[in-house]
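Chemist: Letter by letter, the chains look like this.
2 protein chains.
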Amino acid sequence: MSVTHPAGFRAGGVAAGLKSSGGLDLALVVNDGPSSASASVFTANRCIANPVIWSKEVVKDGVVRAVVLNSGGANCYTGPDGFQTTHAVAEQVAQGLGIGAGDVVVCSTGLIGLTNPRENLLAGVDSVLPRLDADGGEDAAHAIMTTDHVSKQVVVEGATNTGGSWSIGGMAKGAGMLAPQLATMLVVLTTDADVDAATCDHALRTATRVTFDRLDSDGCMSTNDTVTLLASGASGAKPSFEEFSGALVRACSELAMQLLADAEGSDHEIAITTVNAASEDDAVAVGRSVARSNLFKAAVFGKDPNWGRVLASIGTTDAAFDPGDLDVAMNGVWVCRASTPAEDPALVDLSDRRVTVTIDLKAGDALATVWTNDLTHAYVHENSAYSS
Amino acid sequence: MSVTHPAGFRAGGVAAGLKSSGGLDLALVVNDGPSSASASVFTANRCIANPVIWSKEVVKDGVVRAVVLNSGGANCYTGPDGFQTTHAVAEQVAQGLGIGAGDVVVCSTGLIGLTNPRENLLAGVDSVLPRLDADGGEDAAHAIMTTDHVSKQVVVEGATNTGGSWSIGGMAKGAGMLAPQLATMLVVLTTDADVDAATCDHALRTATRVTFDRLDSDGCMSTNDTVTLLASGASGAKPSFEEFSGALVRACSELAMQLLADAEGSDHEIAITTVNAASEDDAVAVGRSVARSNLFKAAVFGKDPNWGRVLASIGTTDAAFDPGDLDVAMNGVWVCRASTPAEDPALVDLSDRRVTVTIDLKAGDALATVWTNDLTHAYVHENSAYSS
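Residue numbers (numbering that gives the first Met the number 0), protein chains in the order written: chain L, 0 to 387; chain X, 0 to 387.
Remember, identical chains collapse to one label, so a pair may be satisfied in a single copy or spanning two.
List time: in silico DSS-like cross-link candidates among lysine-lysine, alpha-carbon distance up to 30 Å: (1) Lys55 to Lys361; (2) Lys237 to Lys59; (3) Lys18 to Lys302; (4) Lys237 to Lys55.
No lab work stands behind these hints, which were simulated from the structure alone.
Isolated chain L (complex conformation) (with noise of 0.2 Å):
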């Protein structure tokens, strides 16, 4: 499982005392090449993280041969004195492996405004090096949970019309633009393709677009989101820009939805589709828009198939569609047809945790879903007593 099954990486996972609960909180991956391609994508917050500002610098020249990343403390807003330990953490990876520090993406996840302890980062360094393996994986993906109940790992098998397997590996934690508690969503994933940093490049901004990007729990977007891909070429198998990127889209909805079912305080996971829309643009900005209602997500973990708040919220955008003329399903039940309503909502049962929400703007033929959460007693109360 997880980031080391593809061929040419290890991992590990150590406990360096940043948690106070004393579980593993340091992990290390390493690609052992003989490529070490790779691909970025961070926060489009302007405030951000340390080790974003560190690891934004290292992945412009597409080489990355090592990423490390520390839950307990997400270093962020900590100045000066927080970039230096970012820097000191990533030289001190590349010291233990003999590599340049420019080519260590650092992450971090926790309590932001905090410092990390240095010596502790820089200790938990030293401990995870000999205990790197390639089936050291699990570990690493533990040791990146913060409030996760569960880790998130993925694999992938590439088929390659041209003979030869290759396959890709993933894990993450957190919740991203899911965010709750701001939780940041780190993603590391790997791959034995043979595929040049441009084409990863490439296909983890086509994954990513699709995926991440069209998780929004709570509309907040956290300081420290990183999503990092590896490519060793160990297989020596050499996809097609189709194959390669169908196979990461798949690595990347599968982490996507671990990420959807394990946010915080949440009962509901609600997958709002627009329908024929004019363009896929307008398709997201009306579903993030009734993702981003607190009235329609507060109805749903009442259990209450309140359509007439998504109506509301459709309206609050600038997308094409005739205010007079829209449908909606809740559970595949219209219960409103042409703004009016139309069958029963007694008829939608939403005591599942699965809800699907379906919006008809009879205005083109393109379409996209964007996935949320429920607004839940157990979400305030978990952001209301986190740090404190």
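With chain L's structure known, arrange chain X on it following the hints.
Modeler: Just chain X now, with coordinates in the frame of chain L:
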């Protein structure tokens, strides 16, 4: 108090059987002139209720002689039949007063997607007409309450340099962009100043821009919001624009603060003031982004001065600022300087209902305040159990 304080107005409120409680649920405010100058602003939502569709046409000529309002049903997403109900109510009022239906603004509030019983509304109009009184403002203010705990009323006395006294009265219900439960904000303002329709319009837009438009309790935009200003000219006093506009800002500000104080489920009123912004738009954008952060709002509910969530929200805007040089104070304690921890957050006492957040963007000399409420268990409860 209220809308009948200025000379030239009568009002009344009756129980028309729209509310299951049997309480007052239909109000009528009549301008007896001599002038019937008027101005209105409506929700920016594109999916609007039938009374808003009707009233937008009515107000176009700047002449309004009566406003009829009902609670107990929003008449929203109810199709052509719902529009005919609104039209019939306006006609009934017009017939009773001997005026044209095209001079009657109609406002409705309550659940959306449900048809209002037309016969109750028409009987209610017949019942309120003989009760219209120059002391009827109090009843009218009560008849438009839905989930409001108290009625909202205001009187501002006008001082005119050139002599002559005049005043502004007002009543409000609900929550507008505050929108707990998508409760509509309905506001009727009256004045006996002699001001023409163009002056009314300019003054009303000036006032709502810095008051009601900067309330943002939960980011949800109602389908029925209506603010109407009626000027009778009965005092004969002709204030300057500055005099009238200043008084109208005070009246709207007072009503807005009453709405904020009564926002359902709220434990805190949060005033977010952004200073040293490059523009007022930037200051509003930054304030609104913080006001819409569920994470920040839940933290305030938990009495947690979580300034990291403030910075993370600021970072989602495109306002002018240096992400590494932001200052944030909560209740006057500068917990963040230059985007790093400063004064001890433990010094911030969040036990009081009123909370101030000050954000220094260091990018100019503009400022603005946005008001919001915290995100509480009660908010989730009330909005998950509303229509069921």
